[in-house]
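> Letter by letter, the chains look like this.
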Amino acid sequence: MSQQIIFFILAAVILTSAIAVVTLRNLFHAALALMVSFLGVAGIYILLEAAFLGMAQLLVYIGAISILIIFAIMMTRRLMQTSESPFNAQAIAALIGSLIVLVIMAVVVARLYPLTPSTDSMFASATTVDPVILESSVARMGRAFVSADAYVLPFEIASVLLLAALVGSIIIAWPRSGEEDNL
Amino acid sequence: MNIIDLIKSIISLDLGNFIRRNFGTGPGTELLIDLGGVLILATFCLLIVIFLIWLERKVIARIQDRIGPNRVGGRYGLLQTVADVMKLLTKEVINPAGADWITYNLAPILVVIAALLTWAVIPFAPFVIGVDLNIGVFYFLAISSASVMVLLLAGWGSNNKYALLGAFRAVAQMVSYEVPMILALLVPIILARTMSTGGIVEAQTIPFLLFAPLSALIFYISSLAETGRTPFDLLEAESEIVAGFHIEYGGMKFGMFFLAEFVGTLFMSALFATLYLGGYRFFGLENWVSADGYPYGRLIGLIVFFVKMFAVYFVYIWIRGTLPRVRVDQILNYNWKFLVPLSLVLVFVVAIVDKLIPNGTNQVVRMSIHLGANLLIGLAAIELLRRRGRENRLAASGGPGAGRPASPDSGHGHEAAPAHDEHDLGEALGAREPITVPIH
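So the protein lines, in turn, are chains A and Y. Numbering of the first sequence is given in the numbering used here, commencing with residue 1 and proceeding in unit increments. Numbering of the second sequence is given in the numbering used here, commencing with residue 1 and proceeding in unit increments.
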């Protein structure tokens, strides 16, 4: 029961801050609201006993991506004095799109994790996970990344992709020959 | 429930079991114990700062041949900081004109929260730990990485260009030095086969400082930069940008930044003691349980841990009193062109070497092999830097190597290499490379 209460609090925080992100006029405040939203998602991960994922969320989304976003906001001129309305005329299209996503997700989740007959209440006690699995979850994940019968191929492809992005950014930032570095 | 039992429980750091014995077990009791533990740990962290500030002032004064605080509270000025805190608390609360109210006031609160959160994973004595997460070290990294954000909040919210400059510097420095820090912390994780701080302490029959001195050194240097202490105190360089991101803060709001800095530094000392010096371990004495069932050994463990932690902390103060501040381009070049490659090589070598050593090998043998590998890497790095420095010197003085054009980034490795003579040192300091970093 207490887990459900915490879940609803977290969900309220995530949704409120997500709405704030798109409606706030001050872009810096919008970026801050986005961070609160990320923090709430990290809380959900921890609630689901996926502490490693929660901490990775904190490290990557708040420690890196948010800082990148805020730097972009600060470096862009006159972005702070925007006077346009945050709303446009595509509300109906957005509603249809998000409804479709909601239906797809509901179908997929219901197929994968159907409510069992004995606990058909939403407030039933949480599924318990074997503590042995929890204790070694990080090691299991690490092994899954590099073992041939699990995720080694996606993992390596993602690594190559990141490396390519890294090399590309260095090449773009590299001063052209003969060009005076005027920083 | 009797008094002697209570006293014995307190001395043996076993108050939780005392409460369980007397009030029964149940979720309510556990909640009470948890809340009490949080309260004790947080209060300790906040109060120890009063002592830390006094210690820092006194030690720095001695290093600089002064006396330091010597009036308030007796000959040694023990109450000087208490008076200072009283002064900070009674100051007027000021919100600068044009400051962003939410951001400006949120930053000092968040910075203290972030500084206190990390203490949850420090094992003070056997079983005396906030939570022994199986991702303890990663938890610390996540919190410290997220807390970089707070400095940006403070710098932007103050509506002051010096504050913003300081925040930019802080972010550039802390985000960069996170990389070698994470890589260096991988080494004790590899050696202990776990990320839990408690597990790493248990794995150190021989302190990891002897296994991986290079990793300890890299971690120490990066932690200096992460906490923004001299020689990496560019983020608040008084002579350049006045006080950096907290320039607009006064009274207790400033006090909270100050507090977070000291708590953070002490935490780094605690983490260093935990990961590299064996934490609370003291020849097995820390697990001693007396005949009447009280684990008095925990107290020994606690004392040993504090001695180690303050020994490391003393080195932080020592460095602050000894080294001058470095330039922005030096700080970033030193990180990206020296520390990161070195720690990458170190992680690869340690992982391979540790895999090659068969399981069940004597710890001393294992230690010697690791130590040898570390020394080899260290010597190779120094030799490489020395060679590069010599080439640059020759190129600059028109010697045999003058025909080669010096690459634009040459010479940055200088500050890491121990200069072999006065000339070399002067050459290294006088290197006039253009500042290639957009943050200054």
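Warning: the hint list may mix true and false statements.
Stated by the list, open to error - Distance windows between CB atoms, simulated:
no., chain 1, residue 1, chain 2, residue 2, range
1, A, Asn88, Y, Pro324, 51 to 59 Å
2, Y, Arg390, A, Leu68, 36 to 44 Å
3, Y, Gly250, A, Ile65, 28 to 36 Å
4, Y, Asn2, A, His29, 51 to 59 Å
5, Y, Ile10, A, Ala20, 41 to 49 Å
Derived from the structure by calculation, the hints contain no laboratory data. Ideal Cβ positions, reconstructed from N, Cα and C, are used throughout, including at glycine.
> Against this structure, judge whether each hint is valid.
Outcome of the hint check:
Asn88 (chain A) and Pro324 (chain Y) have their C-beta atoms about 55 Å apart, which keeps the hinted 51 to 59 Å range intact. The supplied range of 36 to 44 Å is met by Arg390 (chain Y) and Leu68 (chain A), whose beta-carbon atoms lie about 40 Å from each other. Taking 28 to 36 Å as the suggested C-beta distance range, the pair Gly250 (chain Y) and Ile65 (chain A) conforms, at roughly 33 Å. A hinted range of 51 to 59 Å for the beta carbons of Asn2 (chain Y) and His29 (chain A) is consistent with their spacing of about 57 Å.
Between Ile10 (chain Y) and Ala20 (chain A), the C-beta spacing of about 47 Å keeps the proposed range 41 to 49 Å intact.
Of the numbered hints listed earlier, not one is contradicted by the structure.
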